[in-house]
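Listed here are the chains, written in short residue letters.
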Amino acid sequence: MSETYLKLNNLVKDFVDGRGETVRAVDDITLDIQKGDFVTLLGPSGCGKTTTLRMIAGFEHPTSGTIELHGQDISPVPPYKRKMPMVFQSYALFPHMTIFDNIAYGLKLQSISRDQIARDVAEACRMVNLSGVEKRYPGELSGGQQQRVALARALVLKPEIILFDEPLSNLDAKLRIQTRTEIKRVQQAMGVTALYVTHDQSEALSLSDNIVIMNHGKIAQSGSPEKVYNHPASPFVSDFIGNANFMDGQVTRVSTTTVDVSTAGGTMSIPADRCEHGLESGTTVRLAIKPEVISVNREKSQFPVTVDVASFVGPITEYKLQFVHDGSDEPQIVTAIESNVEGVTTVYHAGEKVFMHINADQARVYKV
Amino acid sequence: MATTAQNRAILREPAVVATIILMFLLLGLFILYPIFSVLRLSLTQQGSFSVDVYRELFNRPRYLRSITNSVMLGTVVATIATIVGFVFAFAIYRGGIKGRRFFQTMAILPIISPPFMFALSVILLFGRNGLVTARLLGLDTSGLYGLPGLILVQTVNLFPIAYLTLSGILQNIDPDLETGAMNLGASRFTVFRTITVPLAIPGILASWLVVFVTSMTDFGNPIMIGGSFDVLSVQAYLEFTGMGNLPRGAALAVLLLIPTVLVYFLQRAIMKRGSYATVTGKSSRRGRPNTGRGMRVILMTFCSAVTFLVVLFYGTIVFGSFVRLWGVDWSFTLDHFSYSWDVGFVTLRNTIMLALIATPLTAFMGLIIAFLTIRKHFFGRSALSFLSLLSYAIPGTAIGIGYVLAFNAAPFRWSGTAFILVTAYVFRNVPIAVESGIAALKQISAEIEESSTNLGANSSQTFRQVTLPLIKPAFFAGATFTFVRSMTAISAIIFLVSARWNHVTVLILAQTEIMRLGVASVMSTILIIIIMAFIYLIMKATGLKRDQIFSSAQ
Amino acid sequence: MKRIALVLLIAVLAVSLAGAAGRGETGEQVNRVTAYTTLDEELARQVFNAFTSETGIQVDWVRLSTGEAVARMEAEAANPQASIWFGGVGIGHIEAQQKGLTRPYQSPAATMPRQFRDPDHYWHGIYAGMLAFASNNNVMSRIGAEPPQSWEDLTDPVFRNQVQMANPGSSGTSYNVLATMVQLLGEDEAFEYMRRLDNNIVQYTRSGSAPGRNAALGEVGVAIGYSHDIVRLISEGYPLSINFPSEGAGFEVAAISLVANGPANQAEAAERLLDWGLGETAASLYASQFVVPFVDVPLAEGAVPISQVNVIDQDDVWAAAERTRLVDKWNDIIGENARTE
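Protein chains in written order, with my numbering: chain E, 1 to 368; chain C, 1 to 554; chain X, 1 to 341.
For the record, the hints were derived by calculation from the structure and aren't laboratory data.
Some clues are possibly wrong.
Far from chain C by the CB rule (all over 10 Å, computed), these chain X residues [said to hold, decoys possible]:
1) G100
2) R103
3) P147
4) T155
5) N167
6) S235
7) F244
8) N265
9) D275
10) W276
11) A287
12) T324
Restraint ranges, calculated between C-beta atoms of paired labels, are given here [what the hints assert, rightly or not]:
13) C/P14 - E/S111: 49 to 57 Å
14) C/L262 - X/R142: 44 to 52 Å
15) C/I258 - X/K99: 28 to 36 Å
16) E/D27 - C/L537: 56 to 64 Å
17) X/E236 - C/P61: 17 to 25 Å
18) E/S111 - C/F265: 44 to 52 Å
19) E/D73 - C/A533: 54 to 62 Å
20) C/L184 - E/S311: 56 to 64 Å
21) C/L184 - E/E352: 32 to 40 Å
22) C/W341 - X/E74: 33 to 41 Å
Calculated pairs, EDC-like style, for lysine to aspartate or glutamate (alpha carbon to alpha carbon, straight line, at most 20 Å) [claimed, not checked]:
23) E/K83 - E/E68
24) E/K7 - E/D37
25) E/K35 - E/E160
26) E/K108 - E/E134
27) X/K329 - C/D52
28) E/K83 - C/D52
29) E/K81 - C/D52
30) E/K83 - C/E447
31) E/K227 - E/E276
32) C/K376 - E/D17
33) E/K83 - E/E160
34) E/K81 - C/E56
35) E/K227 - E/D273
36) C/K376 - E/D200
37) E/K300 - E/E276
38) E/K158 - E/D172
39) E/K367 - E/D200
40) E/K184 - E/E134
The beta-carbon is built from N, C-alpha and C at its ideal position, and this holds for glycine as well.
Extracted from the complex, chain E is given alone in its bound form (with noise of 0.2 Å):
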């Protein structure tokens, strides 16, 4: 089943700004997407994942690198004949046909009887459960049914790889989900590869069976969802993923099993195998640590702390604390995480004084 589909060897893509200088969106990225797969590049804005997008959808040409189908080069073949069908971020529904139309379009440019159209049309709108709408325009249909033309317009031509370029960012959260569900069904259901853009991690976590991290336009870290939520390769993608805290500190002791780190709070010992490889004593290191393993209590414990706001929303509340390091005037603010249990957990107010007490066998530890 394993077999590699689409291949990017080494692309590189420069852009000339508006001054005239160089500016390169894309840096040497190398990329294997397995038939079937879920692959979703998921980074900051400028990132320049849709421009590795728009360049495997041929918008965008190389300025360097190739992109291979099934082993065959394609750059030379011009975008409306590379049959991967994109769902854009604005949906680029067209807003002088019906839905009917919308969704036939692709077909009505191969030779295929009029009934065959038809019959294909239907059964895409019944993939993505839309009916009863074929005959109205783009501007009647709500967002959420507007991206269900578009996916449906996209299956319809049964390809090999749909491309999505950020396709939820216009709906509103409780959509948002219900529709990210949906294309994971869908997907599942025609067993088609999907390279999808994004720059959420929700959505790159829930959907993808293989996430690319990018940052400058290089791979910051690939691999499964799992893998790089709990085992991120750099501060860049613990903050990027899993939105961390950061505390600077000191090795102080190095054994096989643990490293023992020296921070404004006190010593912390880490498990040898959440470390950076080749520490040593006295190495300058960077602790990343998630906002969900960071506990607050009134009970003493590691760090003295001002709870500077408390955001209850439902399920969890989030704080962001404010404690002062030695010699430090600067106050500084993190972020944690507590679950609600109604009659269990108790939520604490801004300005009250509490402690928070941090799992240090969860933290990671970089080398700066």
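Given the coordinates of chain E, work out where chains C and X should sit on it, guided by the hints.
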């Protein structure tokens, strides 16, 4: 900026490359080459380069005076017309006056008139035998001929240009800004002074410049009621056509050309750099009127007065069609109609036919150029858009002279043909079609076209099935204006008409000069009716609204 | 894109072909002739309609003033559009001849006196008309003035902004006035006179027949024009008086010339039109418009034969040769005498 990779990408679409080359060839032949011919003639004496013609011009007071007169006329008219246009736009879009729809119509009506039609009305109303001056007031005045008459006529003729630009700008000022300023404690007048006017400044400047150029290059009004107030466009015509001094006529046209081209590009720069689009785009979103009651009365009175003048001017022409002999014999007659039919039918038919040929050609060409410059990346893209917009800045007089010079000898022997008239219409009006095409394309997200390509459509399929239907309004707006401007053209056309292919405006001018005012009125009335019918049919057939059509008139 | 480009290309080609066909350069003689005419529009219409109904030859015509006609022929010299120039002041025809714009043709119909035709057969006179003043009687009584009787009277301040003549640059009539004054007064005094006259001029029109009509309507008080135009207006019932300048009137010899290198396929038709224009039918049409043709036909009531007027001894060949210089000089002097009202 097209990179090498993008240039290579274009080469994969030979049809696109062919179209780009064709557009360059056409624009070069019909815009650059004629202008080059004018320059060359004005700078040549006995076959070698010389500035003698210009030296002579600057040594003769008559020509010097026509330069200063043209500039003075442009300045005065631009100032008054911009003020009138601003007040009109403010009254309608911010002043909260009653009868907005009516006033909106009235403010754009003068745009569809032949340029000299109001001059004819003014002669009928305020001339020696004027209905108002002689008959009602018993005055004997020649004061109409010259600067005062020109100012009156051009102001009424040109304030709609300022109105259209400024109403667009005033609509785009987010009403929340004004509300916000008031909320912070500003009085109505302070809001007007510190918010509304500063935001409208780029539009005001741009309108002023456009009106300035249009007034300066106007030919129809000065030749009718200019009197002894010499202006460049008329002088160039008289030298070239009347005296047969071709180099001098060409040089005068160049003198007219230089400031108009400069001003045109200055205006574009201002609009591009200085427009504070506070847009949320919805022109339907209107704020509370920023006026008190007294102010509303004043605005209402002002708009009514201007409207009255417009209606009066039109009414006079219609009335004049039925008067046996204006000023002498006021009895009713239909003779002017039968005479006009005899003299003008063939010309009118030919004028309409040629305008109808030019209309779709212009609209298509405009769309193609707009599409290429907005959506395709290739070397010379900005040159193409510059070239296509250039002819808007070139005075009709210069184009007319240029066409006579360029297309009367091998290999381009086209003078006296219908072809030369059609090309003049097309290339005079293609900038309007390009501009409205560009505006429309900018509103269509590139993703829509990309998604068509992505679904398997090539460039031409995408253009036909997606782009074209979406820019239909721009297409018809461009087409409508090409038709209107072709039907009412005179400054370039007067050099190009021939015995076989005359133009109805040239006939009207001739009738006016020999004081067959009734016949001139009939022909003007018929011309206006045809234009209105055409606009009506376009609106009916395409379902476009008036505002969509007139948005490209700015 | 390809198809649109193709459609556009075809359309452009089609129009250009249509244009070329319209010019009919196929070499075969056509029943069609293109004319520039300086006759009054209404007369031109009658004349050409009569010719068409008699011969079946279609005339495409456009009315141009004398100056415009010469300029147009000059501009088109490389590719002439018209075959014949019909009507217009003789000085203009001589100028066209001097510039090589017309061609000789020995017409069998040429019966006019020798002084009214070119010895080398380039131009052919059809009628003569004298310069005269048309004064509007109503205006005269309103301003309390007598109609002017002499060139000198015209400069009387009582006629300020009441006099109209055409621009000598574009109008043959008006250049005739300028040439007359130079021949009467000598060049320096003539220009001094034109400068004084300018004080009373309200507007210089493009065409020589416009001032007469303006005077008829009362738009101006006095017009300088040709007698036949004025007589015709009087017969139409306008309140005009006609006066001939006592110092001496210039006159025009309206003429017909064939355009050099005109469309080859119209050559025969153009010659027929010229012959016909010198004949009796045409002459009676001219006469109906109050001119006195060189062919002996019954005159309209009120028409003034040249023999009854004090005309100057006029040198048209000189006047034609001097035109550019004199018009430029006139422009300078009027230009200096700047008025903006």
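Now the hints, each set against the structure:
Under the 10 Å C-beta cut-off, the non-interface status given to X/G100 relative to chain C holds; the minimum distance is some 13 Å. In this structure X/R103 is separated from chain C by more than 10 Å, as the shortest Cβ-Cβ distance comes to about 18 Å. At roughly 17 Å from the closest C-beta of chain C, the C-beta of X/P147 stays outside 10 Å, upholding its exclusion from the interface. In this structure X/T155 is separated from chain C by more than 10 Å, as the shortest Cβ-Cβ distance comes to about 16 Å.
Distance check for X/N167 against chain C: the nearest CB is about 7 Å away, which does not clear 10 Å, and the non-interface claim fails. Consistency note on X/S235: stated as away from chain C, and its beta-carbon is indeed over 10 Å from all of that chain's, at 15 Å minimum. With a least beta-carbon separation of about 23 Å from chain C, X/F244 lies farther than 10 Å from that chain, consistent with its non-interface assignment. For X/N265, the requirement that its beta carbon stay farther than 10 Å from each beta carbon of chain C is met, with the minimum near 14 Å.
The beta carbon of X/D275 sits about 20 Å from the closest Cβ of chain C, which is more than 10 Å, so the claim that it is off the interface holds. Its beta-carbon lying about 18 Å from the closest one in chain C, X/W276 satisfies the requirement of being farther than 10 Å from that chain. With a closest Cβ-Cβ approach of about 21 Å to chain C, X/A287 is found to remain outside the 10 Å limit, as its non-interface label requires. The claim that X/T324 is not at the interface with chain C is violated, since a C-beta of that chain comes within 10 Å of its own (minimum 7 Å).
Distance hint check for C/P14 and E/S111: the Cβ-Cβ separation is about 24 Å, which falls outside the suggested range of 49 to 57 Å. A hinted range of 44 to 52 Å holds for the C-beta pair C/L262 and X/R142, which are about 49 Å apart. A C-beta distance of roughly 31 Å is found between C/I258 and X/K99, which places it inside the suggested range of 28 to 36 Å. Checked against the hint of 56 to 64 Å, the C-beta distance between E/D27 and C/L537 comes to roughly 58 Å, which is consistent with it.
Separated by about 40 Å at the C-beta atoms, X/E236 and C/P61 break the suggested range of 17 to 25 Å. In this structure, E/S111 and C/F265 meet the distance hint of 44 to 52 Å, their C-beta atoms being roughly 50 Å apart. For E/D73 and C/A533, the Cβ-Cβ distance of about 60 Å falls inside the hinted range of 54 to 62 Å, so the restraint holds. Checked against the hint of 56 to 64 Å, the pair C/L184 and E/S311 fails, with Cβ atoms roughly 32 Å apart.
Evaluation of the 32 to 40 Å hint for C/L184 and E/E352 yields a pass: the beta carbon distance comes to about 38 Å. Restraint check, C/W341 to X/E74: a C-beta distance of roughly 34 Å satisfies the suggested window 33 to 41 Å. Taking the CA atoms of E/K83 and E/E68, the gap is about 14 Å. The hint holds against a cut of 20 Å. About 13 Å separates the Cα atoms of E/K7 and E/D37, which keeps this hinted pair within 20 Å; it holds.
For the hint pairing E/K35 with E/E160, the CA-to-CA distance comes to about 8 Å; that is within 20 Å, so the pair holds. At roughly 16 Å between alpha-carbon atoms, E/K108 and E/E134 fall within 20 Å of each other, so this suggested pair holds. Among the hinted pairs, X/K329 with C/D52 is consistent with the structure: their alpha-carbon atoms are about 17 Å apart, no more than 20 Å. Our distance criterion of 20 Å between C-alpha atoms is broken by E/K83 and C/D52, whose separation comes to about 67 Å.
At most 20 Å may separate the alpha-carbon atoms for a hinted pair to count; E/K81 and C/D52 exceed this at roughly 63 Å. Note on E/K83 and C/E447: the hinted pairing holds, with a Cα-Cα distance of about 17 Å set against a maximum of 20 Å. Taken as a hint, the E/K227 and E/E276 pair is honoured in the structure, with Cα atoms around 15 Å apart against an allowance of 20 Å. Simply put, C/K376 and E/D17 have alpha-carbon atoms about 17 Å apart, close enough for the 20 Å limit, and the pair holds.
Of the supplied pair hints, the one linking E/K83 and E/E160 holds, its CA atoms being roughly 8 Å apart against a limit of 20 Å. For the hint pairing E/K81 with C/E56, the CA-to-CA distance comes to about 66 Å; that exceeds 20 Å, so the pair is violated. A hinted pair counts as satisfied when its Cα atoms are at most 20 Å apart, and E/K227 with E/D273 qualifies at roughly 14 Å. Of the supplied pair hints, the one linking C/K376 and E/D200 is violated, its CA atoms being roughly 32 Å apart against a limit of 20 Å.
The suggested pairing of E/K300 with E/E276 is violated, with an alpha-carbon distance near 31 Å, which exceeds 20 Å. The hinted pair formed by E/K158 and E/D172 fails the criterion: a straight-line CA distance of about 29 Å is larger than 20 Å. The suggested pairing of E/K367 with E/D200 is violated, with an alpha-carbon distance near 27 Å, which exceeds 20 Å. About 24 Å separates the Cα atoms of E/K184 and E/E134, which puts this hinted pair outside 20 Å; it is violated.
The structure does not agree with the numbered hints 5, 12, 13, 17, 20, 28, 29, 34, 36, 37, 38, 39, 40 stated previously, though it agrees with the rest.
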